[in-house]
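If you read the sequences in order, they're chains A and B. Quick note on this note's numbering: the first sequence kicks off at 137 and runs consecutively. Quick note on this note's numbering: the second sequence kicks off at 6 and runs consecutively.
Simulated from the structure, these hints should not be mistaken for laboratory data. One thing to keep in mind: the hints can contain errors.
Listed next, with one range per pair, are the computed distances between beta-carbon atoms [said to hold, decoys possible]:
#: 1; chain 1: B; residue 1: Q51; chain 2: A; residue 2: T159; range: 32 to 40 Å
#: 2; chain 1: B; residue 1: S13; chain 2: A; residue 2: D568; range: 27 to 35 Å
#: 3; chain 1: A; residue 1: R908; chain 2: B; residue 2: E45; range: 39 to 47 Å
#: 4; chain 1: B; residue 1: E222; chain 2: A; residue 2: A884; range: 43 to 51 Å
#: 5; chain 1: A; residue 1: Q880; chain 2: B; residue 2: E222; range: 29 to 37 Å
#: 6; chain 1: A; residue 1: L387; chain 2: B; residue 2: H53; range: 27 to 35 Å
#: 7; chain 1: A; residue 1: E843; chain 2: B; residue 2: R103; range: 35 to 43 Å
Straight line, CA to CA, 30 Å or less: simulated DSSO-like cross-link-like pairs of lysine-lysine [what the hints assert, rightly or not]:
#: 8; chain 1: B; residue 1: K59; chain 2: A; residue 2: K473
#: 9; chain 1: B; residue 1: K93; chain 2: B; residue 2: K165
#: 10; chain 1: A; residue 1: K473; chain 2: A; residue 2: K449
#: 11; chain 1: A; residue 1: K382; chain 2: A; residue 2: K363
#: 12; chain 1: A; residue 1: K363; chain 2: B; residue 2: K17
#: 13; chain 1: B; residue 1: K165; chain 2: B; residue 2: K121
#: 14; chain 1: B; residue 1: K121; chain 2: A; residue 2: K575
#: 15; chain 1: B; residue 1: K205; chain 2: A; residue 2: K473
#: 16; chain 1: B; residue 1: K220; chain 2: B; residue 2: K121
#: 17; chain 1: A; residue 1: K382; chain 2: B; residue 2: K59
#: 18; chain 1: A; residue 1: K261; chain 2: A; residue 2: K301
#: 19; chain 1: A; residue 1: K575; chain 2: A; residue 2: K363
#: 20; chain 1: B; residue 1: K162; chain 2: B; residue 2: K121
#: 21; chain 1: A; residue 1: K382; chain 2: B; residue 2: K17
#: 22; chain 1: B; residue 1: K205; chain 2: B; residue 2: K269
Built from N, CA and C at the ideal position, the CB exists for glycine as well.
Residue strings, one per chain:
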Amino acid sequence: MQAAMHSVTRVVQDRVSPPSNQTMMFNCDGPVNAMDVDKDMNRIVVAGRQVFKIISIDDDQFTEVVNLRVGKQKNINLSYSAADVAWNHNDENMLASAATNGAVVIWNLGRQVKSKQEFVFMEHKRAVNKVVFHSSEQHQLLSASQDGSMMLHDLRRKQVSLTFKSNSDSVRDVQFCPPSHGYFSFAAAYDSGTVQMWDMRRPDKSERQFTAHNEPVFSLDWHPEDKNWLATAGRDKMIKVWEINKQPAQLAYSVQTIASVGRIKWRPQRRFHIASCSLLLDHSINVWDIRRPYIPFASFDEHKDVATCLIWKDEPHTFLSTGKDSMLIQHIFNDAKRPADSVIPAGIDISIHGDFCCAFREKNNTTSKTKESGSKLQMFRRASSMSRSEQFFSQASSTLSMFQYSRDPNDLGQDMLEFSPVYPCPHDVSMDNFLEMAKNYRLKGQTTEDLCRHNSAVASNIGKTRVSHMWQMLGAMYCTKTITKSTLQVPRTASVTPNTGDKQELDKVKTTLVVSSPDVEIEARADIDKDKKMQNGEISTGSDDDSEGESSEYEKNLANIASGLGHNGDFFFGDGDADIVPYSLGMSIRGNEDWTHLPSEAFQPRHDITGPTAPPERTYATDHDALLVATVESDTLGMPTPTDELELCEQYLNLNIDSAALLMGPVVDFTSVVVETIRFFAEQGDVQTSVSMLIVLGDHVRSHIEEETQENWFLSYIDLLSRFQLWTIACEVIALSHLPQVCQMNQASTTIYTACSQCSRRLENNSWVCDRCKIVTNICCICHHPIKGISVWCQGCCHGGHLHHIQEWLADNSLCPAGCGHHCEYT
Amino acid sequence: MFAAKSISADHKDLIHDVSYDFHGRRMATCSSDQTVKVWEQGDDGQWHCTASWKTHSGSVWRVTWAHPEFGQVLATCSFDRTAAVWEKEAGQNHWLKRTSLVDSRTSVTDVKFAPKHLGLQLATLQLSLLEPKQSAPSNVSSGGKVQIHEYSEVQRKWNKVETVVMVAEPVHDVCFAPNMGRSYHLLAIASKELSIISLKPLRKDPAAGGTGISKFEMRQVAVFDEHESQVWRASWNVTGTILASSGADGFVRMWKANYLDNWKCISVLKGDGSTGEGPASIPQNSVTSGAPSSIPPNGAATNGSGSSVVSHEPPARSMNIKRNTGWPWMDIKKDQFKLFY
Numbered sequence: 137m138q139a140a141m142h143s144v145t146r147v148v149q150d151r152v153s154p155p156s157n158q159t160m161m162f163n164c165d166g167p168v169n170a171m172d173v174d175k176d177m178n179r180i181v182v183a184g185r186q187v188f189k190i191i192s193i194d195d196d197q198f199t200e201v202v203n204l205r206v207g208k209q210k211n212i213n214l215s216y217s218a219a220d221v222a223w224n225h226n227d228e229n230m231l232a233s234a235a236t237n238g239a240v241v242i243w244n245l246g247r248q249v250k251s252k253q254e255f256v257f258m259e260h261k262r263a264v265n266k267v268v269f270h271s272s273e274q275h276q277l278l279s280a281s282q283d284g285s286m287m288l289h290d291l292r293r294k295q296v297s298l299t300f301k302s303n304s305d306s307v308r309d310v311q312f313c314p315p316s317h318g319y320f321s322f323a324a325a326y327d328s329g330t331v332q333m334w335d336m337r338r339p340d341k342s343e344r345q346f347t348a349h350n351e352p353v354f355s356l357d358w359h360p361e362d363k364n365w366l367a368t369a370g371r372d373k374m375i376k377v378w379e380i381n382k383q384p385a386q387l388a389y390s391v392q393t394i395a396s397v398g399r400i401k402w403r404p405q406r407r408f409h410i411a412s413c414s415l416l417l418d419h420s421i422n423v424w425d426i427r428r429p430y431i432p433f434a435s436f437d438e439h440k441d442v443a444t445c446l447i448w449k450d451e452p453h454t455f456l457s458t459g460k461d462s463m464l465i466q467h468i469f470n471d472a473k474r475p476a477d478s479v480i481p482a483g484i485d486i487s488i489h490g491d492f493c494c495a496f497r498e499k500n501n502t503t504s505k506t507k508e509s510g511s512k513l514q515m516f517r518r519a520s521s522m523s524r525s526e527q528f529f530s531q532a533s534s535t536l537s538m539f540q541y542s543r544d545p546n547d548l549g550q551d552m553l554e555f556s557p558v559y560p561c562p563h564d565v566s567m568d569n570f571l572e573m574a575k576n577y578r579l580k581g582q583t584t585e586d587l588c589r590h591n592s593a594v595a596s597n598i599g600k601t602r603v604s605h606m607w608q609m610l611g612a613m614y615c616t617k618t619i620t621k622s623t624l625q626v627p628r629t630a631s632v633t634p635n636t637g638d639k640q641e642l643d644k645v646k647t648t649l650v651v652s653s654p655d656v657e658i659e660a661r662a663d664i665d666k667d668k669k670m671q672n673g674e675i676s677t678g679s680d681d682d683s684e685g686e687s688s689e690y691e692k693n694l695a696n697i698a699s700g701l702g703h704n705g706d707f708f709f710g711d712g713d714a715d716i717v718p719y720s721l722g723m724s725i726r727g728n729e730d731w732t733h734l735p736s737e738a739f740q741p742r743h744d745i746t747g748p749t750a751p752p753e754r755t756y757a758t759d760h761d762a763l764l765v766a767t768v769e770s771d772t773l774g775m776p777t778p779t780d781e782l783e784l785c786e787q788y789l790n791l792n793i794d795s796a797a798l799l800m801g802p803v804v805d806f807t808s809v810v811v812e813t814i815r816f817f818a819e820q821g822d823v824q825t826s827v828s829m830l831i832v833l834g835d836h837v838r839s840h841i842e843e844e845t846q847e848n849w850f851l852s853y854i855d856l857l858s859r860f861q862l863w864t865i866a867c868e869v870i871a872l873s874h875l876p877q878v879c880q881m882n883q884a885s886t887t888i889y890t891a892c893s894q895c896s897r898r899l900e901n902n903s904w905v906c907d908r909c910k911i912v913t914n915i916c917c918i919c920h921h922p923i924k925g926i927s928v929w930c931q932g933c934c935h936g937g938h939l940h941h942i943q944e945w946l947a948d949n950s951l952c953p954a955g956c957g958h959h960c961e962y963t
Numbered sequence: 006m007f008a009a010k011s012i013s014a015d016h017k018d019l020i021h022d023v024s025y026d027f028h029g030r031r032m033a034t035c036s037s038d039q040t041v042k043v044w045e046q047g048d049d050g051q052w053h054c055t056a057s058w059k060t061h062s063g064s065v066w067r068v069t070w071a072h073p074e075f076g077q078v079l080a081t082c083s084f085d086r087t088a089a090v091w092e093k094e095a096g097q098n099h100w101l102k103r104t105s106l107v108d109s110r111t112s113v114t115d116v117k118f119a120p121k122h123l124g125l126q127l128a129t130l131q132l133s134l135l136e137p138k139q140s141a142p143s144n145v146s147s148g149g150k151v152q153i154h155e156y157s158e159v160q161r162k163w164n165k166v167e168t169v170v171m172v173a174e175p176v177h178d179v180c181f182a183p184n185m186g187r188s189y190h191l192l193a194i195a196s197k198e199l200s201i202i203s204l205k206p207l208r209k210d211p212a213a214g215g216t217g218i219s220k221f222e223m224r225q226v227a228v229f230d231e232h233e234s235q236v237w238r239a240s241w242n243v244t245g246t247i248l249a250s251s252g253a254d255g256f257v258r259m260w261k262a263n264y265l266d267n268w269k270c271i272s273v274l275k276g277d278g279s280t281g282e283g284p285a286s287i288p289q290n291s292v293t294s295g296a297p298s299s300i301p302p303n304g305a306a307t308n309g310s311g312s313s314v315v316s317h318e319p320p321a322r323s324m325n326i327k328r329n330t331g332w333p334w335m336d337i338k339k340d341q342f343k344l345f346y
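Input sequences plus hints: build the corresponding full structure.
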């Protein structure tokens with residue numbers, strides 16, 4: 137045997153530099169089932185299937201003193217394999233061990249021979265689970281066995297003096313009552329979940345019993361101070377504390393652990409603390425405060441396998457444990473993990489409406505209160521540890537608070553205003569604006585201009601100035617009036633737009649005003665400046681680069697034209713409020729504003745733009761523009777673009793040339809800047825605006841944005857709408873999308889399958905008649921006529937009928953009218 | 006403005022998580038007392054507890070809702086090393102345990118449902134539940150660093166694509182903002198500080214095909230230490246424009262970016278709803294010095310945003326959201342008892 141070959145003394149050092157108490161480890165060379173200490177806490181006996189050793193506890197290390205598993209190989213029988221071991225409380229040489237073959241072995245360390253085995257009781261028929269010495273009667277040894285009996289062994293007479301029989305129930309644990317509480321009492325725990333109290337003087341019958349657990353009880357422990365408390369623990373993962381002075385015994389506390397509990401032990405001098413180790417799965421040793429039964433007060437993770445036995449060293453800061461990982465460990469409370477400290481004591485979530493809910497640890501300074509409830513033992517406690525455990529206990533509650541958003545304080549109700557604090561917050565926390573816009577936006581059915589005007593009004597109604605202005609500008613840019621009066625531009629536009637294939641498309645193309653990108657920027661800026669003389673960073677952001685990137689050859693052509701005309705002037709449309717200011721990018725926006733109230737807009741509008749403006753109202757800042765207008769006819773007609781489109785355009789131009797306005801704006805391509813703006817809104821998280829503009833503008837911008845991006849926007853917006861249960865609007869958006877992938881969403885899952893109400897078979901070909909039953913399926917259960925029109929049916933039992941019939945029926949009945957016994961639900 | 010209202014939660018221990026459902030009608034709380042409570046808002050605007058039941062044999066760390074397309078489904082994870090999926094019985098207030106996932110050998114500290122499209126994709130499994138944390142402890146070095154993982158359909162496994170190096174402290178919570186069509190992803194990391202990271206997918210090399218790992222341009226948008234101690238949780242609003250964070254100082258702060266992408270605090274709220282002014286006088290409440298390395302970052306961000314999915318084809322922009330086949334999808338046999346929205 138490996139263990140036997142080890143020398144008698146072996147030193148395993150854990151740490152070198154020692155305070156008096158420290159975490160120490162010792163490898164016992166085999167899984168340890170049990171241990172016990174002698175009365176002076178100087179030596180430990182560890183026992184397992186292949187281990188039986190005496191180990192001395194030094195200040196900084198464990199030292200193996202005696203290996204009891206000695207002798208010739210053939211002599212080492214099952215008696216040397218111990219399930220439990222006990223050290224006599226009075227005779228420091230006397231040990232007892234319990235073996236799985238039913239033997240109770242007495243060991244005498246005082247024997248001079250190598251084998252210390254003194255006597256073997258073979259009274260039990262099955263494995264012995266527990267041996268325990270009486271605390272003061274040094275010759276009385278109690279053993280508990282799987283065979284359902286407990287025996288009191290008299291070690292002087294070397295025979296069993298008393299046998300306590302339970303009703304054929306395996307005894308898992310037995311513990312003598314602490315001597316101060318009762319000399320003759322002991323408690324036993326059974327596989328059935330029963331706990332029995334015995335008096336040694338009455339061996340025929342237990343004094344009392346109660347069912348502690350529903351599954352086997354593996355361990356019990358008397359409270360060292362309170363004689364009315366008994367703790368039990370078992371396979372049901374519970375540790376329960378019973379008040380046994382009550383009749384019947386009352387459950388005072390219970391702790392739910394994560395695994396079957398193998399062993400429990402009260403922490404000395406701590407009334408509410410109990411240590412536990414589990415039988416499987418969980419390798420840690422937990423110390424619980426039974427008043428807060430959900431989070432371990434302290435946790436010790438040193439063992440690599442389950443711990444099997446634990447013993448406190450008569451003081452609350454040190455205990456010993458053994459485990460299946462062969463280790464004997466002395467744990468120090470200072471090294472303990474405090475699971476309660478690492479938990480996250482707060483939760484927060486924002487609802488889709490912008491309300492949010494948060495949970496926080498309650499901070500109550502209840503130290504003074506708990507001091508009163510503490511026991512007299514408090515005087516023994518060190519101040520620091522006391523505060524720790526009290527703190528632990530006082531932190532065990534959370535407050536749950538709702539923060540309800542409301543724009544108008546009066547909406548909150550009087551009681552809320554009076555009794556609860558109110559916090560200022562910007563409006564855009566709420567999703568009300570989103571809902572408002574989603575419901576009121578018009579996306580189809582009118583001209584682009586009207587849609588834009590309407591949507592602009594919607595946005596401005598709820599204070600979204602920026603969005604409102606954007607709509608207005610879009611309306612102006614893609615205004616249909618502009619088109620009819622700006623047909624002079626058409627040839628140029630058409631000639632430079634590669635995807636104009638036919639006359640129909642040409643009409644659309646007409647709406648596109650083309651100009652080189654710098655002008656676009658100016659245009660956009662000018663409109664804003666008109667309002668606030670302030671540069672809105674968003675519109676100009678990156679438009680230079682991007683529009684350049686998108687510009688193709690023809691745009692360069694146009695740029696040449698434009699530059700030839702001296703486009704450094706500023707173009708305005710609108711109310712003719714032509715106060716031109718030099719723009720400085722992003723000026724005054726990043727000022728020292730109070731950031732606690734983020735402005736929802738980059739600028740404050742001075743006044744509203746009053747509707748889209750038509751080109752005739754345009755004013756021109758420079759003479760060059762007039763020049764352009766004057767020359768535009770020859771310019772366009774003379775443009776050498778030999779395409780069919782051009783010819784078409786020319787025809788069109790000729791037809792409309794009379795109606796063309798005299799004053800023509802410069803050729804402006806808004807598309808790139810509009811695309812930029814739409815992108816900007818999406819990047820800001822306002823996918824609603826992006827998608828709405830995308831839909832309203834339709835073909836104008838669609839081809840300029842990647843399909844994937846568009847699809848992503850659409851799906852995001854549709855998802856958002858469905859979160860707010862705006863199904864109709866979501867469907868409208870789906871329908872208006874031109875992306876096949878999005879449109880398909882309306883076409884999927886549109887089939888309703890029907891099943892026969894008699895045989896539950898799915899109706900494949902004919903949805904009226906069941907092939908098997910040969911009956912018409914949609915018969916009203918009440919009037920037995922086939923249903924035409926509105927009907928309801930229960931998805932559970934497939935019965936149903938005319939809506940009014942079922943309603944009448946359900947007014948009086950809850951079961952199915954067909955008599956199938958189903959509690960019908962019509963959802 | 007916000008009006009605070011305290012709710013008597015009647016949890017017997019700390020509440021670790023609150024979670025609204027998809028439509029904001031229900032709310033779930035989970036606590037160390039091993040129970041989960043479901044709350045519903047009545048017509049009067051008050052929240053009532055409609056269900057409370059014991060879920061685990063250990064502290065319940067998080068609770069999360071599935072997309073209602075799959076029914077009323079909750080997932081919880083617990084100290085007892087399991088995660089569980091619960092479904093409400095139609096018409097009743099019973100929640101039945103549908104499954105218990107016992108793979109973990111340590112406490113399961115986070116649970117999240119995959120985005121809806123993944124869930125439908127894995128419709129045969131009923132629910133696709135991603136448990137980043139279960140595997141995370143092994144591959145996350147001490148101290149919480151946040152890793153971004155991405156699912157490769159070709160390899161059928163999750164690959165680590167990015168490590169957020171800006172965060173060195175243990176991470177308590179990570180949270181992707183709803184994408185909402187942005188070209189980048191926003192990730193909030195609650196650690197000792199609150200950081201917001203923006204991840205912009207870089208255009209993929211078409212030569213690499215669908216197998217390549219997508220690259221992100223990572224940028225720390227903002228770092229806030231206003232909480233002055235640990236930041237416990239972070240949560241985005243539905244459009245990903247506002248971030249709320251709760252910290253050990255007992256305050257909730259809300260953050261928002263302006264049009265220049267500057268993130269600022271827009272509101273400070275006393276977390277317990279009590280009247281209290283100013284965060285200065287709040288006593289520090291036992292902030293752990295020992296960093297809870299037991300709380301691994303769930304940064305194995307198999308998280309809610311669709312970013313983690315890569316499609317077969319080399320996409321023009323690597324941000325490609327997978328589509329399901331359509332709207333709520335119904336199998337008459339399997340789903341006939343489910344409540345569909």
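Do the hints match the structure? See the list:
1. At about 53 Å, the CB distance of Q51/B to T159/A disagrees with the hint of 32 to 40 Å.
2. A beta carbon spacing of about 28 Å between S13/B and D568/A agrees with the range 27 to 35 Å that was offered as a hint.
3. Between R908/A and E45/B the C-beta distance comes to about 44 Å, which sits within the given range of 39 to 47 Å.
4. E222/B and A884/A have their C-beta atoms about 35 Å apart, which leaves the hinted 43 to 51 Å range violated.
5. The hint said 29 to 37 Å for the Cβ distance between Q880/A and E222/B, and at roughly 33 Å that hint holds.
6. Distance hint for L387/A and H53/B: a CB-CB separation of about 30 Å, consistent with the stated range 27 to 35 Å.
7. Our hint of 35 to 43 Å for E843/A and R103/B holds, since their Cβ atoms are close to 39 Å apart.
8. Taking the CA atoms of K59/B and K473/A, the gap is about 26 Å. The hint holds against a cut of 30 Å.
9. For the proposed pair K93/B and K165/B, the alpha carbon gap of about 35 Å is over 30 Å, so the pair is violated.
10. About 19 Å separates the Cα atoms of K473/A and K449/A, which keeps this hinted pair within 30 Å; it holds.
11. A C-alpha spacing of about 12 Å is found between K382/A and K363/A, which places the hinted pair at or below 30 Å, so the restraint holds.
12. Restraint check: the Cα-Cα separation between K363/A and K17/B comes to about 28 Å, which is no more than 30 Å; the hinted pair holds.
13. Straight-line distance between C-alpha atoms of K165/B and K121/B comes to about 22 Å, which keeps the hinted pair within the 30 Å bound.
14. A threshold of 30 Å between alpha carbons decides the hint, and for K121/B with K575/A the separation of about 25 Å falls inside it, so the pair holds.
15. For the hint pairing K205/B with K473/A, the CA-to-CA distance comes to about 40 Å; that exceeds 30 Å, so the pair is violated.
16. At most 30 Å may separate the alpha-carbon atoms for a hinted pair to count; K220/B and K121/B meet this at roughly 24 Å.
17. As the CA atoms of K382/A and K59/B are separated by approximately 28 Å, the hinted pair is consistent with the 30 Å bound.
18. Note on K261/A and K301/A: the hinted pairing holds, with a Cα-Cα distance of about 13 Å set against a maximum of 30 Å.
19. The suggested pairing of K575/A with K363/A is violated, with an alpha-carbon distance near 71 Å, which exceeds 30 Å.
20. Simply put, K162/B and K121/B have alpha-carbon atoms about 19 Å apart, close enough for the 30 Å limit, and the pair holds.
21. Straight-line distance between C-alpha atoms of K382/A and K17/B comes to about 26 Å, which keeps the hinted pair within the 30 Å bound.
22. For the hint linking K205/B to K269/B, the alpha-carbon distance of about 21 Å falls within 30 Å, and the restraint holds.
Of the numbered hints listed earlier, those contradicted by the structure are 1, 4, 9, 15, 19.
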